[in-house]
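Read top to bottom, the protein sequences are chains A and B.
Each residue of the first sequence is one higher than the last, beginning at 3 in the working numbering.
Each residue of the second sequence is one higher than the last, beginning at 1227 in the working numbering.
Read the hints as simulated data drawn from the structure, not as lab findings.
Glycine included, every Cβ here is placed at the ideal spot set by N, Cα and C.
Incorrect hints may appear among the rest.
As the list claims (entries may be wrong) - In silico SDA-like links for lysine to any residue, alpha-carbon gap of 20 Å or less:
hint, chain 1, residue 1, chain 2, residue 2
1, A, Lys37, B, Ile1371
2, B, Lys1356, A, His11
3, A, Lys284, B, Cys1384
4, A, Lys8, B, Met1362
5, B, Lys1356, A, Ile67
6, A, Lys8, B, Glu1352
7, B, Lys1399, A, Asp74
8, B, Lys1399, A, Ile67
9, A, Lys283, B, Pro1385
10, A, Lys37, B, Ile1374
11, A, Lys8, B, Asn1340
12, B, Lys1266, A, Ala378
13, A, Lys8, B, His1339
14, B, Lys1291, A, Lys37
15, A, Lys8, B, Met1343
16, B, Lys1318, A, His160
17, B, Lys1296, A, Ala378
18, B, Lys1296, A, Leu6
19, B, Lys1296, A, Pro113
20, B, Lys1399, A, Cys68
21, B, Lys1296, A, Pro273
22, A, Lys284, B, Arg1387
23, B, Lys1296, A, Val4
24, A, Lys8, B, Gln1344
25, A, Lys373, B, Met1343
26, A, Lys8, B, Lys1345
27, B, Lys1318, A, Asp74
28, B, Lys1291, A, Cys68
29, B, Lys1318, A, Arg32
30, B, Lys1318, A, Leu12
31, A, Lys8, B, Ala1364
32, B, Lys1345, A, Leu12
33, B, Lys1291, A, Arg32
34, B, Lys1318, A, His11
35, B, Lys1296, A, Thr5
Said to hold, decoys possible - Quick look at which bits of chain A chain B covers, simulated, 3 or more residues with Cβ under 8 Å:
hint, stretch
36, 117–130
37, 371–383
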Amino acid sequence: MVTLEKIAHLALGSSFDPLGAGLYNAEAERPDFDKIAALGKGTRYDVCSSNAIIDDLNNVVKSGICHSFTHDGRCISLFKTLYTNWCTHQCNYCTNSAACSDQSRKFSYAPEELARITLELYRTNHIEGLFLSSGSGADEDSTMEKMVETARILRVRHNFRGYIHLKILPGASLESIREAMELSDRVSVNLEATSQSHMSEMSPTKDFQNDIIQRQRYVRDLMEKITLPAGQTTQLVVGGAGESDQEIFQRILYEYRELGIKRAYYSAFSPISGTPFESRKKEPLWREHRLYQMDWLYRIYRFSPGEIEHAFNDSGFLSNSDPKVAIARKVLELAVDPASASYAELIRVPGIGPRSASKILAFRMHNRISKREDLANLGVRIKRAGPFLKINGWREATLDRWLK
Amino acid sequence: MRVPENFVFYLSAHRGCNDHLLAEAKKMNAEYVELSSDPKAVLIRRMVYSVQAEVHRMRGFVRLKALGFKILYGYLKPEHRIGDWICDHFAKRSPSTIIALGNSNQSWVSLYHNGSMQKSQGAGIEDTIKAFQSAMGAMPGDQGIERIWETYYASQYCPERRNLQSFNHRMPKKALRSAGLSIERNANGCTLKDFFKQE
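Just chain A, same shape as in the assembly:
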C-alpha cells in the first residue's frame, strides 16, 4: 500500500496518455443526441458480442463481458452503431432502405466524432468496443473508407485496445476489405437470405453471389495473410422470404465448411411500418431460438448434418421443441449407461452438455455412478436426461415402453 499523495505524484509525472488528451479539448463539439439515437436504432436488430477479446499478452480470450442488458434481455457489450443511415439499396424489410416510405432524417458521423464517442464510452466502462455497420451512403467504397478511417483513428492515434467489429458492406472492394481486416478483431458480411431467389425478393438491388458470397470469399482468402482474432461471421433474417429452416441449415453448412465462417447469427423477421414488407407476418422468436440450438448442435456438440436432419419435419421446419430431444428420440435406440458411455454417446443425451459430459468422465476415473443424484451433482439436467439413461442397470419407465 502507498499513500494517495504518492499515487497522485506518479500519475502527474506520467506523460503516457493511452487515449489522448485531445478527448478533453473544451472546443470539441458536443455530441448530437438525435444522431446517436437514430444511428444506434439502425443496428438494434444486428446481433453481435465481443466474444474474443485480447488479453494483456495479446492472446485471444474466449469470453467477453456484457456491460449491460436491454429490457429484451439482450447483452450490450459494444457501441453498436451505423456510420450513416443513408442507403441506396432497396431492402424490403429495412427502415433505412430507399424503398421505405417513412423516410426519417438522414445522419452521418465524422470519423473523428465517432472515435471520440467510442473512446469516452470505453474509458468509462460502458462498452468493450465498437461494432460499426452502415447504410451504403453514396457508394460502398467511400463509406467503407470512412468506417476504416474511424478504426484507424482508434487503433493508431489513440492506441485503442478494445474490440472492433466492422461490417463489410455488400459490394465493397477487395482493398477496403483488406484495410478493414487489418484494423479489426472481427468482420462480417450480412448474408440476410439463403439464396439468390430469396435475396431478390428481400433486396432486389443486391446480387447474392457477387455482393455477398464473393465478399465472404475475399475475407476467407485474406485471412491466410491477415490475423483476424475473432474471425468472420454472418447474419440471416429468419423468415423474411419464407425460407425453411432446412434451407437455412444447408446454407449455413456451406458457410461453415467452405467460407470459414466462425459463427452465424439469426434474427427473426419483424415487420417495420413504412417498409414494403410491413404487412408480412412477424416470425415467432422461438424460431430464432431453435435455429441457435440447431447451430450449437453442429458447432459445439459436433453432431453430423445427417443427425441434425432428423430434427426437421416434412416441410423442412423445426418444431417449437428442443431439436436435441427430437434427434435423441430417433437416434438413441438403446439407453445410455453413464458408467461406461463414451463422450460422444453422453453428449447425445438431452440434458447432458459438453461440460457435464467431461465431468462425468473425470468423476468415473475415481468413483462409481450409482444413482441419479451423482449425475445431478455433475450438472446433468436429470429430468431431461432420465428417459434416455440406464443407471445401475435400471431405466426410467416411459409411456413408449409401457405401450410396447
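Fit chain B to the given chain A structure using the hints.
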C-alpha cells in the same frame, strides 16, 4: 473445469469465509471441489462460484466517471472482498490513470504505472476524491457521457422483444445496487402483465 486451480484465493474473498473453512479447502484440489458431492466441497464450490460471478459482473457493470484525464472514479459496494481486484482490473485497462472505486465507507485506489501496480485503500470515496483534488489541483468533471449512454441504451431496445424475466435474470437488482447503476434500474418500468406470458 469451472473451479480454478487457485480457488482458495477466491474462497478467501468470500464474505462468509473463515479460517476453519480455509484450512479445510487447502487440503482439497480443484478437481475434487468441482466433482465431489461431499457437503464441505459443495459449500466451497458454491462460495467460489459466487465470488467469481460477482467479479465478472462488477467488471462489466461498474461505471467510471472522468476527472480530468488522470482520474477515473466510480461507485462500488461489493458483497464480497473484491474491491481491490476490480480496481486493479480497471487500472490495467487504463494505464497511468488513477482508478478510485468505493462507497460512503470504503474506497480502493489503483494506478498501473511502468508495469507495476500501486495500490491504496481509504475511507469513503468522496474523501479520496477530495484528497486527489487537493494534491493535483482542479480538474474538469463530467463530459456528458451519461447522457450519451442513456441515449444509446434506449436506442438498442426492441419493444417487440420485451423480456423482463431475462433482463432481471441477467441484471439482478443486487448487482445493479453493488455497481450503483441508475440508468438501467430506472428504465425498468413494468406492469403486472409483463410477468405473465403473452400468447
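Status of each hint after checking the structure:
1. A:Lys37 to B:Ile1371: Holds. Lysine 37 (chain A) to isoleucine 1371 (chain B) sits at ~15 Å (cutoff 20 Å).
2. B:Lys1356 to A:His11: holds (15 Å)
3. A:Lys284 to B:Cys1384: holds (14 Å)
4. A:Lys8 to B:Met1362: OK: lysine 8 (chain A) and methionine 1362 (chain B) at ~11 Å, within 20 Å.
5. B:Lys1356 to A:Ile67: violated (31 Å)
6. A:Lys8 to B:Glu1352: Distance of about 18 Å is within 20 Å: holds.
7. B:Lys1399 to A:Asp74: holds (16 Å)
8. B:Lys1399 to A:Ile67: It holds: about 18 Å lies between the C-alpha atoms, which stays within 20 Å.
9. A:Lys283 to B:Pro1385: OK: lysine 283 (chain A) and proline 1385 (chain B) at ~17 Å, within 20 Å.
10. A:Lys37 to B:Ile1374: The hint holds at about 10 Å.
11. A:Lys8 to B:Asn1340: holds (14 Å)
12. B:Lys1266 to A:Ala378: OK: lysine 1266 (chain B) and alanine 378 (chain A) at ~17 Å, within 20 Å.
13. A:Lys8 to B:His1339: With Cα atoms ~12 Å apart, lysine 8 (chain A) and histidine 1339 (chain B) stay inside 20 Å; holds.
14. B:Lys1291 to A:Lys37: violated (23 Å)
15. A:Lys8 to B:Met1343: holds (12 Å)
16. B:Lys1318 to A:His160: Holds. Lysine 1318 (chain B) to histidine 160 (chain A) sits at ~16 Å (cutoff 20 Å).
17. B:Lys1296 to A:Ala378: violated (51 Å)
18. B:Lys1296 to A:Leu6: holds (13 Å)
19. B:Lys1296 to A:Pro113: violated (25 Å)
20. B:Lys1399 to A:Cys68: Holds: lysine 1399 (chain B) and cysteine 68 (chain A) sit about 16 Å apart, inside 20 Å.
21. B:Lys1296 to A:Pro273: violated (48 Å)
22. A:Lys284 to B:Arg1387: The hint holds at about 12 Å.
23. B:Lys1296 to A:Val4: holds (18 Å)
24. A:Lys8 to B:Gln1344: holds (9 Å)
25. A:Lys373 to B:Met1343: violated (50 Å)
26. A:Lys8 to B:Lys1345: holds (10 Å)
27. B:Lys1318 to A:Asp74: At roughly 32 Å apart (the allowed maximum being 20 Å), aspartate 74 (chain A) and lysine 1318 (chain B) break the hint.
28. B:Lys1291 to A:Cys68: holds (19 Å)
29. B:Lys1318 to A:Arg32: With Cα atoms ~29 Å apart, lysine 1318 (chain B) and arginine 32 (chain A) exceed 20 Å; violated.
30. B:Lys1318 to A:Leu12: holds (15 Å)
31. A:Lys8 to B:Ala1364: Holds, because 18 Å separates the two Cα atoms, which is no more than 20 Å.
32. B:Lys1345 to A:Leu12: Given that 20 Å is the threshold and the Cα spacing comes to 12 Å, the pair holds.
33. B:Lys1291 to A:Arg32: holds (17 Å)
34. B:Lys1318 to A:His11: Within the cut-off at roughly 18 Å; holds.
35. B:Lys1296 to A:Thr5: Holds, because 17 Å separates the two Cα atoms, which is no more than 20 Å.
36. 117–130: It holds: at least three residues are needed, and the stretch 117–130 of chain A offers 7 whose Cβ sits within less than 8 Å of chain B.
37. 371–383: holds (count 4)
The structure does not agree with the numbered hints 5, 14, 17, 19, 21, 25, 27 and 29 stated previously, though it agrees with the rest.
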